[in-house]
Each structure stands twice: as structure tokens, then as C-alpha cells.
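I would like the entire structure built from these sequences, with the hints used as guidance.
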Amino acid sequence: MTPRGRFLLATLAGLVLAGLVHIGVVLLIPRLSETDALSRARTGEGLDHAMPVYTLVTGDGPAPPEAWLPIPDPAVAVGICAYDLADGPMRVSARTGPLMLSLAVHGRRGAFYAVTDQAAVRGALDLVVLTRAQYDEALANADENDVSRDVRIVAPDLRGYVVVRVIAALPSQRPAANTAVQAVSCTVDLPAEDKAGG
Numbered sequence: 029m030t031p032r033g034r035f036l037l038a039t040l041a042g043l044v045l046a047g048l049v050h051i052g053v054v055l056l057i058p059r060l061s062e063t064d065a066l067s068r069a070r071t072g073e074g075l076d077h078a079m080p081v082y083t084l085v086t087g088d089g090p091a092p093p094e095a096w097l098p099i100p101d102p103a104v105a106v107g108i109c110a111y112d113l114a115d116g117p118m119r120v121s122a123r124t125g126p127l128m129l130s131l132a133v134h135g136r137r138g139a140f141y142a143v144t145d146q147a148a149v150r151g152a153l154d155l156v157v158l159t160r161a162q163y164d165e166a167l168a169n170a171d172e173n174d175v176s177r178d179v180r181i182v183a184p185d186l187r188g189y190v191v192v193r194v195i196a197a198l199p200s201q202r203p204a205a206n207t208a209v210q211a212v213s214c215t216v217d218l219p220a221e222d223k224a225g226g
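Going from the sequence shown to this note's numbering is simple: count from 1 and add 28.
Just so you know, these hints were derived from the structure itself, not from any lab.
This list has only true hints and no planted wrong ones.
Label pairs and their calculated CB-CB ranges:
no.	residue 1	residue 2	range
1	207	168	36 to 42 Å
2	48	171	52 to 58 Å
3	103	165	38 to 44 Å
4	42	136	33 to 39 Å
5	34	54	29 to 35 Å
6	57	103	30 to 36 Å
7	137	48	20 to 26 Å
8	57	114	22 to 28 Å
Computed from a predicted model, the values in this text were never measured in an experiment.
Glycine included, C-beta positions come from ideal geometry on N, C-alpha and C.
Dropping the structure here:
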């Protein structure tokens with residue numbers, strides 16, 4: 029092989045290797061990141077209500093510094109509820125009102141379920157996020173005569189978070205939007221025998 033041929037072969041091999049390394053690094057960034065959305069959401073996992081991520085400015089002051097979402101909508105109050113289904117199913121309960129409310133359930137790979145206040149029954153929206161085994165157990169233990177208004181969602185991952193969004197169409201509705209996000213309840217849904225014993 030001529031020196032020029034060896035040079036071209038070495039250059040081509042180097043470019044292919046560099047391309048593979050770059051593709052591998054880009055694909056591994058979400059797994060290696062310590063400040064991804066799931067990690068940030070887990071800081072509020074012990075709360076029994078939605079952790080505010082972006083609250084709306086209600087006065088003449090500057091925007092609050094807690095926002096870590098990219099360029100948040102100035103008319104949307106946002107909160108999150110982190111869950112770990114190893115602790116049990118998570119119940120997310122929200123009361124609907126005049127403001128538009130939406131809930132989106134996220135896992136490691138992104139959103140897998142979303143619902144708005146239009147799905148509420150008698151002003152209440154109850155989601156229960158569970159694993160397939162927890163879902164099967166809930167079905168086996170359910171009374172056929174008892175009507176459940178819960179929306180049961182089987183999660184693909186044990187850990188995730190629920191994003192709560194409330195839209196304030198007018199500046200005068202901003203305090204109500206912040207309050208609506210804080211009013212969303214996020215609790216571990218214990219079985220009936222655990223509730224009676226505790």
C-alpha cells in the first residue's frame with residue numbers, strides 16, 4: 029500500500045471512530061445527567077402536593093428564580109409531583125375550577141399520558157399511577173359493585189413525575205392559578221388494610 033493510501037485509510041478510520049464516539053456520547057447524555065427533569069422532580073418527592081416549578085408573577089415584582097423549564101409560558105403556572113412506585117401507587121387528585129388544568133404523566137422516556145380538566149367527574153380528577161402488578165392486584169381486590177372514578181394508568185417505569193399546568197388567561201387570574209397548582213394532592217395510595225392499621 030502506498031503512503032497516500034495508508035494516510036487515507038488512517039484518516040477514514042479516525043473519522044469513523046470519532047463519529048461513533050460522538051454518537052455514543054450524545055445518546056448517553058440523558059442517562060448520565062444528574063440535573064435532568066426526573067432528578068429535579070425527585071427533590072420534591074416527599075411533598076403531598078405539587079411542587080411549584082414556575083409560579084406566575086402576581087404583582088409588579090420580577091419573575092421568581094425557581095423556574096428551570098426552558099422559557100416558560102408567562103400565563104401558565106407549573107408544578108410537579110415525583111413518584112416512586114416501589115413505595116406504592118401514586119394518587120394525584122385535583123379539583124377543577126374556572127381555570128384550565130392539565131396533568132401529564134412522565135417517565136424516563138418522556139410523557140406517556142395526559143389529561144385535562146374536561147375529563148373531571150363532578151369537579152374532581154383522580155389519577156392513580158401504578159405498575160402492571162399493582163394494577164392487577166387492584167383489579168383482583170376491587171368490589172364489582174363499587175364504582176371507581178379513578179383513572180388508573182400503568183406506568184412503564186417505577187420512577188417518574190406528573191406535571192401540573194394551570195392556565196391564567198387574565199393577569200387577575202394568576203393568584204388563582206398558583207393556588208390551583210398548590211391544591212393538587214399527590215399521595216401514595218395505600219391499600220385499605222394499611223389505611224385502617226395506620
